[in-house]
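Chemist: Take a look at the letters that make up each chain.
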Amino acid sequence: MLLTTAAYFSFLAAVFFGYWLAARYRLGALAVVLFANYFFYARWDLVYLAIIPAASTCDFLIGHALHRSTRPGFRRLLITLSIALNVGLMASVKYLPVLPWVLPLALSFYGFQSLTYTIDLYRRDAKPAESYLAYLASASFFPTTVAGPITRISTLLPQWSKRELLGPQDGGKALFLIGLGLVKKLLIADFLAETLVNRVFDLPKLYSGAEVLAGVYGYALQLYYDFSGYTDIAIGSALLLGITLPRNFNRPYAAQNISDFWRRWHISFSNWLRDYLYFSLPGLRSRWKVFAYLNLVITMLIGGLWHGAAWTFIVWGAWHGVGLAAHRGWQALHGNPKLTLTPGARVLCGLATFHFVLIGWIFFRASSLGSARDILYQISSGTISFANITPAFVAVMLIAAAAHYTPTRWYDGGLQLYCQFPYYAQAAAIAALAVAIRYVAGSGSAPFIYSRF
Amino acid sequence: MLPKKTSLAIATLGALLLLLETARLARPFTLFEVLDFRPSDIPNVEPLPPIPVSTAPITASKRPIIEPNLIDPHDNLRAFYLALWRTELGAPGAITRVLHYGDSPVTADSITADVRSLLQQHFGDAGHGFVLIAKPWAWYGHRGVEVQGNGWRIAAATQVRARDGFHGLGGVSFEGDTGASSRFTLAEDHALMEIHYLHQPGGGVVAVEASGQRLGEVETAGPEKDPGYQAFPLNAGARQINLSVERGPVRLFGVSFERNTPGVIYNSLGLNGGQVQVVVRYFDKPQWTEELQHQHPDLVVINYGTNESIYADYIERYYPGELRQVIESVQAAVPRASVLIMSPMDRGQRDSNSRITTVPTLPRLVEIQRQMALEMHCAFFNTFQAMGGEGTMARWYDSQPRLVSADFTHPLPAGARQVGVLLDQALESGYRQFKAREQRRPN
Numbered sequence: 001m002l003l004t005t006a007a008y009f010s011f012l013a014a015v016f017f018g019y020w021l022a023a024r025y026r027l028g029a030l031a032v033v034l035f036a037n038y039f040f041y042a043r044w045d046l047v048y049l050a051i052i053p054a055a056s057t058c059d060f061l062i063g064h065a066l067h068r069s070t071r072p073g074f075r076r077l078l079i080t081l082s083i084a085l086n087v088g089l090m091a092s093v094k095y096l097p098v099l100p101w102v103l104p105l106a107l108s109f110y111g112f113q114s115l116t117y118t119i120d121l122y123r124r125d126a127k128p129a130e131s132y133l134a135y136l137a138s139a140s141f142f143p144t145t146v147a148g149p150i151t152r153i154s155t156l157l158p159q160w161s162k163r164e165l166l167g168p169q170d171g172g173k174a175l176f177l178i179g180l181g182l183v184k185k186l187l188i189a190d191f192l193a194e195t196l197v198n199r200v201f202d203l204p205k206l207y208s209g210a211e212v213l214a215g216v217y218g219y220a221l222q223l224y225y226d227f228s229g230y231t232d233i234a235i236g237s238a239l240l241l242g243i244t245l246p247r248n249f250n251r252p253y254a255a256q257n258i259s260d261f262w263r264r265w266h267i268s269f270s271n272w273l274r275d276y277l278y279f280s281l282p283g284l285r286s287r288w289k290v291f292a293y294l295n296l297v298i299t300m301l302i303g304g305l306w307h308g309a310a311w312t313f314i315v316w317g318a319w320h321g322v323g324l325a326a327h328r329g330w331q332a333l334h335g336n337p338k339l340t341l342t343p344g345a346r347v348l349c350g351l352a353t354f355h356f357v358l359i360g361w362i363f364f365r366a367s368s369l370g371s372a373r374d375i376l377y378q379i380s381s382g383t384i385s386f387a388n389i390t391p392a393f394v395a396v397m398l399i400a401a402a403a404h405y406t407p408t409r410w411y412d413g414g415l416q417l418y419c420q421f422p423y424y425a426q427a428a429a430i431a432a433l434a435v436a437i438r439y440v441a442g443s444g445s446a447p448f449i450y451s452r453f
Numbered sequence: 454m455l456p457k458k459t460s461l462a463i464a465t466l467g468a469l470l471l472l473l474e475t476a477r478l479a480r481p482f483t484l485f486e487v488l489d490f491r492p493s494d495i496p497n498v499e500p501l502p503p504i505p506v507s508t509a510p511i512t513a514s515k516r517p518i519i520e521p522n523l524i525d526p527h528d529n530l531r532a533f534y535l536a537l538w539r540t541e542l543g544a545p546g547a548i549t550r551v552l553h554y555g556d557s558p559v560t561a562d563s564i565t566a567d568v569r570s571l572l573q574q575h576f577g578d579a580g581h582g583f584v585l586i587a588k589p590w591a592w593y594g595h596r597g598v599e600v601q602g603n604g605w606r607i608a609a610a611t612q613v614r615a616r617d618g619f620h621g622l623g624g625v626s627f628e629g630d631t632g633a634s635s636r637f638t639l640a641e642d643h644a645l646m647e648i649h650y651l652h653q654p655g656g657g658v659v660a661v662e663a664s665g666q667r668l669g670e671v672e673t674a675g676p677e678k679d680p681g682y683q684a685f686p687l688n689a690g691a692r693q694i695n696l697s698v699e700r701g702p703v704r705l706f707g708v709s710f711e712r713n714t715p716g717v718i719y720n721s722l723g724l725n726g727g728q729v730q731v732v733v734r735y736f737d738k739p740q741w742t743e744e745l746q747h748q749h750p751d752l753v754v755i756n757y758g759t760n761e762s763i764y765a766d767y768i769e770r771y772y773p774g775e776l777r778q779v780i781e782s783v784q785a786a787v788p789r790a791s792v793l794i795m796s797p798m799d800r801g802q803r804d805s806n807s808r809i810t811t812v813p814t815l816p817r818l819v820e821i822q823r824q825m826a827l828e829m830h831c832a833f834f835n836t837f838q839a840m841g842g843e844g845t846m847a848r849w850y851d852s853q854p855r856l857v858s859a860d861f862t863h864p865l866p867a868g869a870r871q872v873g874v875l876l877d878q879a880l881e882s883g884y885r886q887f888k889a890r891e892q893r894r895p896n
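Quick note, the sequences are listed as chains L and Y, same order.
Our numbering numbers the first residue of the first sequence as 1 and each following residue consecutively.
Our numbering numbers the first residue of the second sequence as 454 and each following residue consecutively.
What the hints contain is simulated information worked out from the structure, not anything from laboratory work.
A couple of the hints might just be wrong.
Unchecked claim - Here are the computed lysine to aspartate or glutamate pairs in the EDC-like style, where the Cα-Cα straight-line distance is at most 20 Å:
#: 1; chain 1: Y; residue 1: LYS457; chain 2: L; residue 2: ASP170
#: 2; chain 1: Y; residue 1: LYS458; chain 2: L; residue 2: GLU164
#: 3; chain 1: Y; residue 1: LYS738; chain 2: Y; residue 2: GLU775
#: 4; chain 1: Y; residue 1: LYS457; chain 2: L; residue 2: GLU164
#: 5; chain 1: Y; residue 1: LYS588; chain 2: L; residue 2: ASP374
#: 6; chain 1: L; residue 1: LYS205; chain 2: Y; residue 2: GLU599
As the list claims (entries may be wrong) - Label-pair ranges, simulated between beta-carbon atoms:
#: 7; chain 1: L; residue 1: TYR377; chain 2: Y; residue 2: GLN612; range: 16 to 24 Å
#: 8; chain 1: Y; residue 1: ARG667; chain 2: L; residue 2: SER381; range: 42 to 50 Å
#: 9; chain 1: Y; residue 1: ARG636; chain 2: L; residue 2: THR383; range: 15 to 23 Å
#: 10; chain 1: Y; residue 1: ARG606; chain 2: L; residue 2: GLN331; range: 48 to 56 Å
What the hints assert, rightly or not - In silico contact screen, one side only, chain Y against chain L (beta carbon under 7 Å); selected entries:
#: 11; residue: PRO456
#: 12; residue: THR459
#: 13; residue: LEU461
#: 14; residue: ALA462
#: 15; residue: ILE463
#: 16; residue: THR465
#: 17; residue: LEU466
#: 18; residue: LEU469
#: 19; residue: LEU471
#: 20; residue: ALA591
#: 21; residue: TRP592
#: 22; residue: ARG596
Positions of the beta carbon are idealized from the N, C-alpha and C atoms, including for glycine.
Model the full structure from these sequences, guided by the hints.
Modeler: In structure tokens, the structure reads:
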């Protein structure tokens, strides 16, 4: 059940009414959410109904044992068990399918979230869940299942105890985010993909250098709008139940340097990598400064490999790791000159960062290193033909780029305006969007790019 | 306790969407979809059958094999089958020669590379065949031969055409001044290479080297413009061939690589954007005739149609006539050769409901090809039907691995291989049927 389908929104509406009708009783509300979570998983494949409760129960029990135990050796054993369980789950679904069929949904985001719980308890950064039901509902919370945002379970647990009713402001924001997510995904990302990007990445040699370059720029926007569109729908869905999920994107292509980019792109993932992987790697506290740089590269290499066991992802991870290490080295030598930059220099830094990221995206999207080489070769060939670039593609690219750099206050203004609409106008705006999608969207609902990770 | 405003907004939205659906303005949807526990969001496509690659020798079967997608009521493929038979018997010099004209997939040696490889597995490998002098398109490529060219002025019949219409066997002319060069790197040894060029007044000289050794030169000067051919033997291990213009200008069309063993030579002659009208309007007929005759083909495959398939008016008004002219030209040039009209593959497009559907005019074009083949006593291979008919590209796009590019037109390597296997199977089963029939016939 993709988050852009009518089936999902019917399901979400049912959960919304069920949840708030039961909200007076915490147990009832949790039961509704848990039922919704497992229903959502079952829609992907019934086998998840066996995997998820079993894995969640293990982590819940490990969490309590971690909290109670004071023996370091035993605690290390417990956390190793939890890591093995969750990483094993992610890897077995993705790389070593033990079932005779392929599971449609990777369990990466489930695994990441579960690990935040046990690792936080191991580090004594959080308290264990008091309610088994609350833990099960948090670990498998359906809006974050497909592609995040990766949410620390310790931040979800207290939210189930809230007593406030959903206010009109939050309700309006939730609907606004869902609508915005649909626009991003169906009207921009899928359109760009269908019109040029997928074709160019499939058979780059069939297109001129200019078309391939346009396709690569298109992919940068497609990926952002696809993933941030999904995130908006996920955050909006959770907010309809009064649950706040963390922000995942903050205009990433406006980043001034590569470190800044990772503070803006897939924020919950880069925070996870930093907090649970980078800080766990050995050598950070040693007097050898090289470890700080080396660990950045290792962290990004592992981040790359998580996307898939392919050389393209290794190159992508290494590209970013080396970029981050180089930037840190440069900062160590020169300090952080961000505040002293002139507007012109800021634009140049932004362009340089964007193109650094763009080169990485070529490897990220290409089906093989050979294909990435063909794309780079075609771009460098300098051949010019625009036969496959339609005016609609150019228009959507321009709109998408302009929207990306729109000042935050404009976005906030739009949100406020929508929230102030009467309920019928809010409904009418989304209904109009549904009609627009029906007539304008380039395709149905293609799977979200990040659902396969 | 329900949050009032948001609940009202959601309820109103639901009512509006129901109204819109009733008026068919929103996507069709049934509530049953919510309860559908099949993983319907993941493409649910029947797996395509594995590609059978048989290395067993082909023998005559007792019963004729019916091949529904290869229509040959006039026994037009007889010449091709007889040549294959001679080749199979291994008589010295028994080479079966095929010329396969096509559009963009063939330009990349997609489909043809697989047919070549399968036929050569079963009947012997008599060489790679024809290759252009350089890459007119980055997309151009041949499996088993790497081509690199520098300094050529390229005139493809589909783009910047040669004014005189002299486009050689492959539809592309290469004009070079002193210093222009080409390098061919062969994956396997060949015994012979033949350079296709144009004799012309004031023509220059091309030096030929193989693995660093000078083999000779080609003098292209002549009293008038006409096609020229010069062969050079290749020693064992000579896999890097260099051509360089020592004195310009010269015009070259391509190079053929052959072996001195019985087998099949399957020439892949693709033109990006190729259509029958390009052959009719932009090929110089006498020159092309001479090129065809020089090849002594046993089979000529005419595999156009994809590029024409979106022009409904053209298909009805001009396409039959232009297809007829191409067939007539081939039949007049090489009357003893079999001629096979090979229909285009399925071609998809998004319809107004966002579904991938077959381009509506494509089945009509295929039908015109079938009728024309019958009328002109040619054989006809219905690629479109063999692949699965309407909606094939939708299935190919959704299959894992994907078989067609996101343009729903160009096959990915696995898809091209499927089509290559289908054509090979059709030809070989037709051949078995032919052999069985001939062997039953009383002497």
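Chemist: Determine for every hint whether it applies to the structure shown.
Modeler: Now for the hints, and whether the structure bears them out:
{"no.": "1", "hint": "Y:LYS457 x L:ASP170", "in the structure": "holds (12 Å)"}
{"no.": "2", "hint": "Y:LYS458 x L:GLU164", "in the structure": "holds (15 Å)"}
{"no.": "3", "hint": "Y:LYS738 x Y:GLU775", "in the structure": "holds (14 Å)"}
{"no.": "4", "hint": "Y:LYS457 x L:GLU164", "in the structure": "holds (13 Å)"}
{"no.": "5", "hint": "Y:LYS588 x L:ASP374", "in the structure": "holds (14 Å)"}
{"no.": "6", "hint": "L:LYS205 x Y:GLU599", "in the structure": "holds (15 Å)"}
{"no.": "7", "hint": "L:TYR377 x Y:GLN612: 16 to 24 Å", "in the structure": "holds (20 Å)"}
{"no.": "8", "hint": "Y:ARG667 x L:SER381: 42 to 50 Å", "in the structure": "violated (32 Å)"}
{"no.": "9", "hint": "Y:ARG636 x L:THR383: 15 to 23 Å", "in the structure": "holds (21 Å)"}
{"no.": "10", "hint": "Y:ARG606 x L:GLN331: 48 to 56 Å", "in the structure": "holds (52 Å)"}
{"no.": "11", "hint": "PRO456", "in the structure": "holds (4 Å)"}
{"no.": "12", "hint": "THR459", "in the structure": "holds (3 Å)"}
{"no.": "13", "hint": "LEU461", "in the structure": "holds (4 Å)"}
{"no.": "14", "hint": "ALA462", "in the structure": "holds (4 Å)"}
{"no.": "15", "hint": "ILE463", "in the structure": "holds (6 Å)"}
{"no.": "16", "hint": "THR465", "in the structure": "holds (4 Å)"}
{"no.": "17", "hint": "LEU466", "in the structure": "holds (4 Å)"}
{"no.": "18", "hint": "LEU469", "in the structure": "holds (4 Å)"}
{"no.": "19", "hint": "LEU471", "in the structure": "violated (10 Å)"}
{"no.": "20", "hint": "ALA591", "in the structure": "holds (4 Å)"}
{"no.": "21", "hint": "TRP592", "in the structure": "holds (4 Å)"}
{"no.": "22", "hint": "ARG596", "in the structure": "violated (14 Å)"}
Checked against the numbered hints given earlier, the structure breaks hints 8, 19, 22 and satisfies all the rest.
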